[in-house]
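Under the numbering used here, the residue at position 173 of the sequence shown is numbered 175, and the numbers go up by one with no gaps.
Please note that the accuracy of each hint is not assured.
[Claimed, not checked] Label-pair distances were calculated between CB atoms; the ranges are:
1. Gln474 x Gly337: 23 to 31 Å
2. His83 x Thr34: 21 to 29 Å
3. Gln474 x Ala266: 38 to 46 Å
[Stated by the list, open to error] Calculated pairs, PhoX-like style, for lysine-lysine (alpha carbon to alpha carbon, straight line, at most 25 Å):
4. Lys49 x Lys81
5. Lys149 x Lys384
6. Lys384 x Lys242
7. Lys384 x Lys225
8. Lys407 x Lys101
9. Lys488 x Lys242
10. Lys13 x Lys149
11. Lys101 x Lys49
12. Lys81 x Lys149
13. Lys12 x Lys246
14. Lys149 x Lys12
Just so you know, the hints here were simulated from the structure itself, not pulled from any lab data. Note that the structure is predicted; figures quoted are calculated from it, not measured. By construction, the Cβ of each residue, glycine as well, lies at the ideal position given by its N, Cα and C atoms.
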Amino acid sequence: MSMQKVSLQKKLCCLTPGRVTLATLREIYHGTVTLSLDPQAIDAVVKAQQTVEAIVNHGDVVYGINTGFGKLAQTTIAKDHLAELQRNLVLSHSVGLGKPLPDDVVRLVLASKIISLARGHSGVRMNVIDSLLRLFNAGVMPVIPEKGSVGASGDLAPLAHLSLMLLGEGNVRINGEELPAVAGLKMAGVEPLVLGPKEGLALLNGTQVSTALALRGLFEGEKVFGAGLVAGALSLEAIKGSVKPFDARIHEARGQTGQIEVAAAVRALLADSEIVDSHQHCGRVQDPYSIRCVPQVMGACLDNLRHAARVLQIEANAASDNPLVFSETGEVISGGNFHAEPVAFAADIIALAVAEIGAISERRLALLLDTGLSGLPPFLVKEGGINSGFMIAQVTAAALASENKSLAHPGSVDSLPTSANQEDHVSMATYAARRLGDMCFNTAAVVGIEAMAAAQGIEFSRPLRSSPVMEQVFSGVRERVAFLDKDRLLAPDIESMRQWGASGELPAVIIQLFPSTMA
């Protein structure tokens, strides 16, 4: 009963396969919705399943329906062994290792698998899709190990662990508690399935795990992007930097969309700042690039995040298993939609953006601590020498930014053949997307440390005040960390500011200026 009450408090979201928006995917990720399927999708699902059934009854030999898989595709399977074939496929492919994927990612995996199957090209029964919907809405999450996929022929191993749940095998997680799958099925009112022809293959094939991990990277990357932009504005105020490089005419002359919007955002953040007004005629000509080129760097990051978002929205709506059923002509055609190269490229693009957000943030932090460049007390603390101030906090930021440089190496350029060279080029999309979690963690910490240091620097300009928007940001920082008047244990402050960097708690002006990515 308690699970039902929780579900009733969530918004009901109707999935229309092929047309699910990023906004809906964000809600799924954050766990704020229950799901239903657009009734108009049912007809295509039924017709595709009838096409598969007709092939079986007629005795035609079609890959994935009555043959072996991969290198064993030439082996024909008798009709009375087809259920065993599908079950064995799930069991034999459940070879994942490592920590279980978190529930927010698993929700995206389940939802995108439902969307893909409901496109009407997979040939599964509606009972399979209904079971996944009921399990999702009951909060029953399959335990999916994070490692074991090369991103073609789809995310085989992790999706096999998802599929185990439908058979009543393996484990599930409910409200953080791990239970046998049979218990989870019972709580959701779902009977274990005996898989029909092609159903095991349809469940295992596809890019849903790599896509879900990449979407997590996108959503978390958007948050650190916003935090990095706000931290940069705080740093500009702290060093009394010039706002002239943010003049709209400069950015219109170049024409890059993201750059134009970032410059406008910084101008809006600093509107009516007493600190800006206090040094309009100070003669300062040029700030270091980490301040002056915020629109150029962060604008490029924004453009790349938006491109990745478009790719991932398409992929989350895709029919990406193999073979695909085209019931209009009664054909079942083998192809390669399971190859996750688009996802791998999108994940690599997100990785570049997240790494650069952290890299330029760390440089601004270093600038704040350098009294010769910033004009602020060395390491932002009085009585330097007896106090080290933010000296080693910057070392932590440097370590994390440098780690991200290694993690940003493209996953998509790697490939290792599998299945006796039948699968001779793979995408490595699952790793490419999975490493984004660590990268976003690192960058959230870097921009959090920068914001903490910049707030410290602004204190040295008092009683001058920044803009109303930035004073609200400053107050939010001070709610998390106090002014550093002398050395203290900083690790708890850094963790608190990492959480700030990952929270998505951004000024309204940022959300309003970037609705396509921040909504």
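We went through each hint and held it up to the structure:
no., hint, result
1, Gln474 x Gly337: 23 to 31 Å, "violated, 53 Å"
2, His83 x Thr34: 21 to 29 Å, "violated, 44 Å"
3, Gln474 x Ala266: 38 to 46 Å, "violated, 19 Å"
4, Lys49 x Lys81, "holds, 21 Å"
5, Lys149 x Lys384, "violated, 49 Å"
6, Lys384 x Lys242, "holds, 19 Å"
7, Lys384 x Lys225, "violated, 33 Å"
8, Lys407 x Lys101, "holds, 24 Å"
9, Lys488 x Lys242, "holds, 24 Å"
10, Lys13 x Lys149, "violated, 32 Å"
11, Lys101 x Lys49, "violated, 39 Å"
12, Lys81 x Lys149, "violated, 34 Å"
13, Lys12 x Lys246, "violated, 47 Å"
14, Lys149 x Lys12, "violated, 31 Å"
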